[in-house]
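Protein sequence lines, in the order shown, are assigned to chains F and D.
Note that the working numbering has the first sequence beginning at 1, numbered continuously upward.
Note that the working numbering has the second sequence beginning at 1, numbered continuously upward.
For the record, the hints were derived by calculation from the structure and aren't laboratory data.
Just so you know, not all the hints are guaranteed correct.
Heads up, the list lumps identical chains together, so a pair's fine if it works in one copy or across two of them.
With a cut-off of at most 27 Å between alpha-carbon atoms, the simulated DSSO-like pairs for lysine-lysine come out as follows [said to hold, decoys possible]:
| no. | residue 1 | residue 2 |
| --- | --- | --- |
| 1 | Lys146 | Lys100 |
| 2 | Lys167 | Lys196 |
| 3 | Lys98 | Lys223 |
| 4 | Lys100 | Lys225 |
| 5 | Lys98 | Lys196 |
| 6 | Lys196 | Lys100 |
| 7 | Lys225 | Lys98 |
| 8 | Lys146 | Lys98 |
| 9 | Lys223 | Lys100 |
Protein chains: 2
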Amino acid sequence: MSYRRTIKIVCGFAGGSAVLVVAAAAAEYQGCFGHTRAARWSLFNVLQAAQPAGNRTVESTGNAWDFNWDKRDLSALLTNGKKEVVREDPSSEQDNGKPKATRNILLIRHSQYNLSGNGDHERILTPLGREQAEFTGQRLAVLGLKYDIMVHSTMARATETANIISKYLPGVELVSCDLLREGAPIEPVPPVTHWKPDAVQYHEDGARIEAAFRRYIHRADPKQKEDSYEIIVCHANVIRYFVCRALQFPPEGWLRIGLNNGSITWLTVRPSGRVALRTLGDSGFMPPDKLTRT
Amino acid sequence: MSYRRTIKIVCGFAGGSAVLVVAAAAAEYQGCFGHTRAARWSLFNVLQAAQPAGNRTVESTGNAWDFNWDKRDLSALLTNGKKEVVREDPSSEQDNGKPKATRNILLIRHSQYNLSGNGDHERILTPLGREQAEFTGQRLAVLGLKYDIMVHSTMARATETANIISKYLPGVELVSCDLLREGAPIEPVPPVTHWKPDAVQYHEDGARIEAAFRRYIHRADPKQKEDSYEIIVCHANVIRYFVCRALQFPPEGWLRIGLNNGSITWLTVRPSGRVALRTLGDSGFMPPDKLTRT
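Please construct the entire structure, taking both the sequences and the accompanying hints into account.
Structure (structure tokens):
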């Protein structure tokens, strides 16, 4: 039983900090309403609703670390930034309400697909892609983690990859989300010549992928008792952007990272808001002749 | 035959840009003089010697990308920043002198070792650590890349790991370097409480590890005809710092990354100076019960 299922489900974003991106992402977001996986309504949402809507940027924090990057640093929210007030009274109610569990988020890039397909529905996995997904499923199974949920992008190649992986993880809830679809998250620095999305693509996809980041990458809810392990099957651009954002590295740097098909990228988010990248693009569980990056 | 062996070897740093760090790193650096692996003397060195010694920082470039990060952007050097002069005349001698090959640098973290040993010489691999190194060696072998050289830190655990890997890569030159020894590269942001090196450690190690970065992580020499694959067996802090520096992410962020023992981290450096991280901490080739991070 996933810890998530024990929490009252209300479909909506996790707080006011997402207001900026909702408009552009609305069309995509509707897809999520059709699924059971949704954001949680908790003390955080109440607190976040009180935050200014424009308080967020998609910039790196330079050499600093913003502990309240996910707007879930309860002490910062309750004391309006005066953290020392809470820290001086660790036995207070506020302190007891802090997150205690670690979230492990395993980001899986879909496996190889038919690049020449006409539209998403034809861009299905190749025979090698299906084989890669089997390897990924087997690896996730033997890792023996207590997976709580597997969320996947609604694109055909991610759905198919997730379905194959799911065979190896019986009992793990499988849900889809449009926010996780592939796109152009932000203009890469340095720019590249072989990939030139139109400005409108960055405009729409960027807001949607940032919304996906805020939805899935954050510290645990204070109600979460045990460490969690969640699988997200999505796309190279989405994963690379998530990694940069989560580590508070410049998100424009996402294209400096490459990911093999079917590879595993593992982020941990501590109760304190600290984030660690445990592995990126791990595909060592595949025989070398099965490795691709297309 | 490594392409490196075809190049005249002169022991010394690759140019004036390293002057800042030589003083602090001198003691460690002496160790390198005793080995055959050394920097190359080329047109670059001449050009670099003419560069101001203080023109380099250990800071991230924020949202920008510095194409001349390794001081080997020949067009920038020859035209004093007026790149368009060279680009307007691509058939010129200057253009022909540009790098053409890609360097692949595979960074291996040593495998598990006896943490309670008294001094480095007692901090040798555990039985599990030796087993992990066998897995790493096997994986590197089946990847089937044309490895040119394997450089390892002179610390016992890295030397032992490299020696085991070396069994699987017959004919690959094995050399050691003191610059690659473990240390405190730069104060991490956010800070941690469980690891507090003295200021003098950052002062000395930081310069040495930066010197290691400049020595090993850079684009190919224009004389290099084919893509190269080099293995560096060293330490978690060194690898994490290298990755941040190579990607032009804030180096203070190195502790946001974790690495399993015996894992493979793969950087590519294109002739243009572009850098890509292909995988970080890949250890999927080990059975899950063999994975450690100590």
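Tested hints:
In this assembly of identical chains, the alpha carbons of Lys146 and Lys100 lie at most 27 Å apart only when taken from the same copy (17 Å versus 48 Å across copies). Within a single copy, Lys167 and Lys196 get their C-alpha atoms no closer than 37 Å, and across copies no closer than 46 Å, so neither meets the 27 Å cut-off. With identical chains, the CA atoms of Lys98 and Lys223 are at most 27 Å apart within one copy only, with a shortest distance of 9 Å there and 58 Å across copies. For a Cα distance limit of 27 Å, the shortest separation of Lys100 from Lys225 inside one copy, 7 Å, qualifies, whereas the shortest one across copies, 54 Å, does not.
Taking CA atoms no more than 27 Å apart as the test, Lys98 paired with Lys196 passes between copies only; the shortest distance there is 26 Å, against 44 Å inside one copy. When the C-alpha separation of Lys196 and Lys100 is checked against a cutoff of 27 Å, the pair qualifies only between copies, where the shortest distance is 24 Å, while the shortest distance within a copy is 43 Å. Taking identical chains as interchangeable, the C-alpha atoms of Lys225 and Lys98 lie at most 27 Å apart only when both belong to the same chain, with a minimum of 11 Å there against 57 Å between chains. Proximity of Lys146 to Lys98 under the C-alpha cut-off of 27 Å is restricted to the intra-copy arrangement: shortest distance 23 Å within a copy versus 52 Å between copies.
Within a single copy, Lys223 and Lys100 get their C-alpha atoms as close as 8 Å, which meets the 27 Å cut-off; across copies the closest is 56 Å, which misses it.
Of the hints listed earlier, the one the structure fails to meet is number 2.
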